[in-house]
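A.B. asks: This is what each chain is made of:
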Amino acid sequence: MTRLHIITIFLFSLLSSSIIAGGGWPQPKGKGYFKLSEWWLISDQHYTDSGLIDPNITTGIFNTSIYAEYGFSDRLTGVLYFPFLSRTYNNNIVSGTTGEVLTPGEAINGLGDTDISLKYGLTGQGAKVAIATTLTLGLPLGNDSGGSQGNLQLGDGEFNQMIAIDAGTGWSLGNTPFFANAGLGFNNRTKDFSDEIRYSFELGANLFNKKVWAIGRLTGTESLKNGATAETANSTSIFANNSEFLSIGGEIAYNFNEKWGVSIGAASAIRGEIIFASPSYTFGVFTRI
Amino acid sequence: MKNFQWLLYLSMIGLLSSCIGDDIINDEVDPIVRVVNLIDTLQVGTDYQFEASFLNNIGLNEDVPFDWSSSDPSIIAISPTGIASAITAGQVSITATATTDEDTYDQTFSLIAGASTSEVEETSVRTGTISTTSSYELTGEFNITNTDGPLLIDIGEDYRASSALPGLFVYLSNNPNSISGAKEIAEVKVFSGAHQYTVTGVDINKYNYLLYYCKPFNVKVGDGKID
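So the protein sequences, as listed, match chains A and B.
First residue of the first sequence? That's 1 in the numbering used here, and the numbers climb one at a time after it.
First residue of the second sequence? That's 290 in the numbering used here, and the numbers climb one at a time after it.
Okay, chain A solo, but in the shape it has when bound:
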C-alpha cells in the first residue's frame, strides 16, 4: 500500500501539473512555467491484488512541490518535479472495546522522490499537432523505509527511467478554445520493482473570456507484473509491487493575468490493484515567464 503513495504522488501530482503546460508542447526558448502546489491524499481503503476494495489503516500523504518547465530552445525543455516537503503518516489503532491505543500511529517528514526530465519537440512551435518525447529520471531522494516498521515512505528507493511521447492539438468551437493531449510512456524501474506502461488523456476548454481552464483527465498505469513479490523477495523491504490503476480527475485553473494563476484539482482511481481507493486533491499557484 505504501507503494501506492509513491505511485499516486508521482502520477497524480505530476500529471496534474500538465494542466496548462507539458503535454506535446515544449516551452519556447527562454520561456518557462512554474508551479508551487500542495497535493494530498488520505485513505482508509485500497484496491487489493484482485481489484476489490479492502480497508486499511488510515494513511495520509501530503506533498508540497515545485513543478518547473523551462525552454532551453524552441524544441528542448527542461522539466523538474521537486517535492521539497513531504509528509506521510498512519493513524493510531485504537481498541473499540477499551479505548486503549494498540498500535501508535507514526509520521515522517522530508524530501520526496524527485523527477528531472528533458522534453524534445518533434514538431516545431505552432504545429497543428504538437508531438514531443520526454525522458524522465526519477531520483530516489525520499526516505523509503521510515517509521518503526519501515513502512512509511516518502520515496520508493529506486532510480527509474521513463520515456514518453505526447501528442496534443488545439482548436476552437465558436469563441471557446479547446485542447486535447494524449500521452504514452514506459517506465523502467530498478530494484525489482515492476516496469510500467503509463498513459493519459486530457481534454480542456478555455472558458469565461479565457480566464478559466477546465480540464478533464484520464490517467492510467498498467504494470508488467515483473516486480518482486513477498514470495520472491528475501525481506519485507520490497514493498507492495505490481500496482496499477485507472484514474479519472479534473482541474480548474484561474488566470489572474497573463503571468499568474491558481488551480485546484482532484483525481481518484476508479480501478486498480494495490493502490489506495480514495480521491487525491491539489491546489497550486503558477506563473509564466
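The hints are simulated quantities; they were obtained by calculation from the structure and are not laboratory data.
Be aware that a few hints might be false.
Residues from chain A that face chain B, not an exhaustive set, calculated with beta carbons under 8 Å [unchecked claim]:
hint	residue
1	D54
2	I57
3	I93
4	L102
5	T133
6	Q149
Using N, Cα and C, we set each Cβ at its ideal position, and we do this for glycine too.
We have chain A; now place chain B onto it with these hints.
C.D. replies: Chain B alone, transformed into the frame defined by chain A:
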C-alpha cells in the same frame, strides 16, 4: 512572489495540521475463564491447588479475583483460593468464577473423588481451517501438535495465500481481530502447499486463533479458529 509565499504558508499549515488520528477497531471477544491445571480424579484424603486464568473482552490475560465452589462440599470441598479437598468417594462439579467490574464469568468441570489422583489427558492435537477475511487469497487446513518439546503447526497441502502483500506474518492469538497480546510465530515465506512452524514455550491450549496479519500496514488478512 507573494502568490507563492501565500501558497507556501497554506501548505505549511496543511502539513502541520495533518495530524495522526485514531482508527478504531472492533476487537471485542467473549471473556473466558480457563482452569489451567485440570485433573479428573482427586485421591480421597488429599488436597489439590487449582489455578485459573482470565482472558478479558479483548483476549488479553487479566488479573481478577476468582471464587471457587463445589456442587457437593461433602464429597469434595474447595476453598475460596482453589484448594480442593477430597473427603469421600463420589463426583462433583467444580466452578471457577471470575469477577470483573462489569460481570462474572465461570468455567465448570467434573471432578471425581477416587482412589488416586489423575491428570486430564493433555490435548495432543488441535485443528482448524484458515480462511480469508479480506479480498486477499488465504485458505488451508492446519494441525497443531503437542510434542515433548515445541508445538508443531502443520499447514496443509491445500494452503494458498496471496503474495501481493509484503510483511505477512502469522500469529497465535486469542483475539481474531488484533495482534495485541498475540504470539508472533514467523513471517510468511511459503504461499502454497504444506509447511511447518515450530513454536517453543507455548501451551497447546493457550491460544484460540491462528491469525494472518500484514504487519507493516496493519491489515488483517485472515484467520483460523483452533478447535
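A.B. asks: Could you tell me which of the numbered hints above are not met by this structure, giving the numbers in increasing order?
C.D. replies: 5
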